[in-house]
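Colleague: Chain by chain, the residues:
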Amino acid sequence: MKSYILRRILRALFTAFGVSLVAFMILHLAPGDPVKIMLGPYATEENVQALRARYNLDKPLHIQYLTWIKNIFKGELGTSIRYNRPVGELIKERLGPTLILTGSGLLVAVILGVLFGTLAALKKNSILDYLTTFQTMFWLSIPSFWLAIVLLYIFGLKLRWVPIAGMTSFSSTILPVLTIGLREQAWFARPMRAEMLEVLSQNYIKALKAKGVKYEKIVWKHAFKNALIPIITMIALQLPWIIGGAVVIEVVFSWGGMGSLLVGSVLSRDYQVVQTILLFISIAVVAANLLADILYSFIDPRIRTER
Amino acid sequence: METLLEIKDLKVSFDTEEGKVEALDGVNLKVKEGEFHALIGETGCGKTVTGLTILGLLDNNAKIEKGQVLYKGIDLLKLNEKQLQQQIRGKEIAMIFQDPSTSLDPIFTIKEQMFEALDNNSDLTEEKKLNLIIEELKKVKLPDVEELLEKYPHQLSGGMKQRVMIAMMLSCRPSLLIADEPTTALDVSTQAQFLKVLEDLRKETKITAIYITHNLAVVSEICDTVSVMYAGRIVETASLREIFKNPQHPYTYKLLHSVLGVETKIEELQEIPGSVPRLINPPSGCRFHPRCEEADEICKIEVPRMVEISSEHFVACHKRVIE
Chain A
0 MKSYILRRIL RALFTAFGVS LVAFMILHLA PGDPVKIMLG PYATEENVQA
50 LRARYNLDKP LHIQYLTWIK NIFKGELGTS IRYNRPVGEL IKERLGPTLI
100 LTGSGLLVAV ILGVLFGTLA ALKKNSILDY LTTFQTMFWL SIPSFWLAIV
150 LLYIFGLKLR WVPIAGMTSF SSTILPVLTI GLREQAWFAR PMRAEMLEVL
200 SQNYIKALKA KGVKYEKIVW KHAFKNALIP IITMIALQLP WIIGGAVVIE
250 VVFSWGGMGS LLVGSVLSRD YQVVQTILLF ISIAVVAANL LADILYSFID
300 PRIRTER
Chain B
0 METLLEIKDL KVSFDTEEGK VEALDGVNLK VKEGEFHALI GETGCGKTVT
50 GLTILGLLDN NAKIEKGQVL YKGIDLLKLN EKQLQQQIRG KEIAMIFQDP
100 STSLDPIFTI KEQMFEALDN NSDLTEEKKL NLIIEELKKV KLPDVEELLE
150 KYPHQLSGGM KQRVMIAMML SCRPSLLIAD EPTTALDVST QAQFLKVLED
200 LRKETKITAI YITHNLAVVS EICDTVSVMY AGRIVETASL REIFKNPQHP
250 YTYKLLHSVL GVETKIEELQ EIPGSVPRLI NPPSGCRFHP RCEEADEICK
300 IEVPRMVEIS SEHFVACHKR VIE
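Here the protein sequences line up with chains A and B, keeping their order. For the first sequence, numbering that gives the first Met the number 0 assigns the number 0 to the initial residue and increments by one for each residue that follows. For the second sequence, numbering that gives the first Met the number 0 assigns the number 0 to the initial residue and increments by one for each residue that follows.
Note that these hints are calculated values from the structure, not bench results. Note that the structure is a prediction, hence the values are computed from the model and not measured. Misleading hints may appear alongside valid ones.
[Said to hold, decoys possible] Heads up, simulated DSS-like pairs for lysine-lysine below, C-alpha to C-alpha not over 27 Å straight-line: (1) A:205 / B:19; (2) A:216 / B:62; (3) B:31 / B:71.
[Claimed, not checked] Just a sample of chain B residues kept apart from chain A, beta carbon distances all over 10 Å, derived: (4) 41; (5) 93; (6) 302.
From the three backbone atoms N, C-alpha and C, an ideal C-beta is built for every residue, glycine too.
The shape of chain B in the complex, shown without the other chains (with noise of 0.2 Å):
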């Protein structure tokens, strides 16, 4: 499979009245063609930066040290505000959020936010979007169309809502989706009739995705290959079944077994002593190093690199390193 997007040592830091914050720091991530990638660490350690870096959708505040995110082969970040807006949001990569009781605004109906989406990114005539829309609404299994079409946001129901995004999105017909914790916020049976459609759309339309979450279960239904990140950097790359049945980072580790499952019980559950660090002032070296069981004199002082330790499985921890 091909390549479609790659970061490349992507650094991205905010400025804050507390100080500089490092969010990203040596991001390096390869989506191939077709798969469905998910992001997965503790809130804060920068999955959402990265989706948002990726569209150009950072706060005002946010600054690209270094790095490069390319698309198809174009540097993303080299590409001004306007010719994002007209050659890559949308059409090539689309984007839907975590909370999608906020993300349609509140005064247009569905049907008016449903054709701007097209009326940037398609010239066919107003009758073939409207049948579009329709369409693409249905497939998201949503029911009554085109009543649905005459209501406002508040009218939907959060599932309903983000439904419509994820339709509004991929009548764009994108070749990348950033789904940025899209079940989040929504309950557990719309959950699963979200990732029901999701999956259902991945078959008809070959989409590929980035999914942020944390959510592991949400992981295993449907996504690929995984990477995991832990305070701005992606510790462990590999698939789906490589991360399940043989984490190699001791974070990954950790985050898997502190998960609570139908047959776990809660006494076996491991809990990761500390927490997130504040990236104001990140710790030296491995960042996980303060939590790290196995830690020692190296992790405190140098970076880890990723390596590849079997086909595909990348991971990036000096106790791993095979000499």
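With the rest of the complex left out, here is chain A (with noise of 0.2 Å):
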């Protein structure tokens, strides 16, 4: 047990690595230079070498990624072009509120995708079963930032029960934590419906209804832990996609957190900002795969006692 989780952290650490070389690549052979966006078109050239050089942009690519690398085992993230701020203060601001509308997003994806699914399921081909595939597909169907910006003229603009921007309240958190939460629980409650139904026709259930187990026992008991398990590992393989997802919502609603200075940062060219977000990012993706992997081995027993 402890080799494969050891294995795993090594493996999650090369990734996390090709990572790091992927969007520092992406980054700079992209057109557009942070420089001239940030001293206009009339910079006289003395200006935009001498700036250049304040940044490292003057170096080979290979050097500056190398530095990038060296700086951020120093605990050094780089400086902001765009912000003339260290980039570690800039994250540090911007983090809680990305953690807490992704987290909300996913928590109420999670909860609703379940229980959608887990209803379907058990009352299979009902019209609670033909509302959930409708519901699902519906979801599934519309762009998350068109969603987003149709709930905020209903809810934002019209009704005016809840802010159009911002992150002000409780009630500013409703919106865009819908936005997820609605799109994403459809990526469960499919699955939810499908493993669920797939053990209800078990033979061991069958089993435990001739010893004479309560159904109700058989299928909270039996059936939902089941049928659970390889849903937790969607929860993580779904992670980027909410993640991905937030960066636009939080552009739509104006939420101050990651995303939205990712892409300020990318219209700007502010490499150490994209880079080190991207970085974080992908962390984030391969600790949660990491995560879900040991989660799992911990929950099927079947894994725990085999290795």
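Hints are included, so try docking the two chains, each in its own frame, into the full complex.
Modeller: Shown next as structure tokens:
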């Protein structure tokens, strides 16, 4: 078991390293120059060169990459060109709101998805089942930025139930969390329904009935727990999509998280900020996958006792 | 001996994508108290469906068209799911299944699953339950019972799992055990061990059993009465001795002679021509007639009735009715 976890951690580190390299390359090979964007079209060549030198942008790419990595290990994440402030400081400010948004969104999605999926399976071929199929297809077919705008328009602008932007109060979190939750629950509801039906058709369910166990107990103790195991992996696999989706949603709702910081920084080619955020996100995703794997092996005795 | 369970004219059909399958078509069966009643026949003849119907465990696409399943005088088909769960399953009638590897929930320990059977069927204290569980597991000759209790199903062999299943079912003290091909998935040495366990249990508990199998060797080891099923009907019922010495129905005869024994030579084996008919469009009259060498016109038209040809020997065949 220990060596298994160790192996997984090692592999996760490799993945994070790979992602850092790709993120760096894509960014620096893309057209656009942060210095020129910052100084405007009338900047003198002299000023441009000076600023480049200040941010190490005049060095060859591999040197820039190695310097970046080296500094990360020293705990220095670089300086934002746009804000002229340390990147670490910027991220620290923005991390909380993003975690609140993605965390609550995921929570809402998992609860709703597992609930809908389970009920649809238990009432297979009923109206509830068909409605679940319909609503999941519905949310999955709508782009999240559009859903965000429509929700804003109806509940923010027309009904005025919630503020239209910012993160001033609890009510301002409702719409962004709902935008993530409604869409993502569809990803969980459908496999949960399938898993539940699969488990309910297993032999041991029949055997449980044969020994006189209550239906409710068979469903919630045996079928539900067995069906939930693969869903846990799905949650981790879905995390990148939630984080990616949150970037767009943060922009629409003027949510001061990492997502809106990322978009702003990409537009101004603020290399240091963008590559650090990408690295952060990738580490988060890899960590979530790792956690799911380890969690999975703790929950499922077939894996836990094998190793 | 008194009749413990009587099935009267039971008809069960299944709705499938290909059409309606008449799985059971007028099954009549009497199981007497204390006997081991074998239900034999080829795969797909309705043995398992009969067992599942008794406990109300059929899938949703099954429909009971008519008939009665009288257990101690109560028609089980008239009970609803709740009544079956509270009054019948486990404490009166229990069932073990063909594939022990899938009969236990993979994510709970043996202990947990043994307790569960008792929780629904007895008012004993936790401590007494544990003692009972240990006792039951020892009865089926499982080694290192205390250790076994903490294990998960995948850590047990098939034979051990089947013995756990039978210990679990018997801990509820049912009067009737339905064993659906319990040894089919086990290898031969494990089979023998399992049958030994079953025989010992029988002496000790006086339990009645319906033993579903297609293995005639097993039948001759432990059963008293044999009912032969063919394509959803019972074609012959008699004592073990009668069935083996004096089989009447042509199908029973063929079935007995299609088995390879230690002393039979391959050349002596008789195969039954054709295969079990698909029950979406079953043959008219006697369902065995397309494969029967003795069949004539009446067999194609009329369904033969069960007739007692000698004491406790019933057969449903036009050619065996003494006018």
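Colleague: Taking each numbered hint in turn, which are not upheld by the structure, reported in ascending numerical order?
Modeller: Per hint list: single violation, 5.
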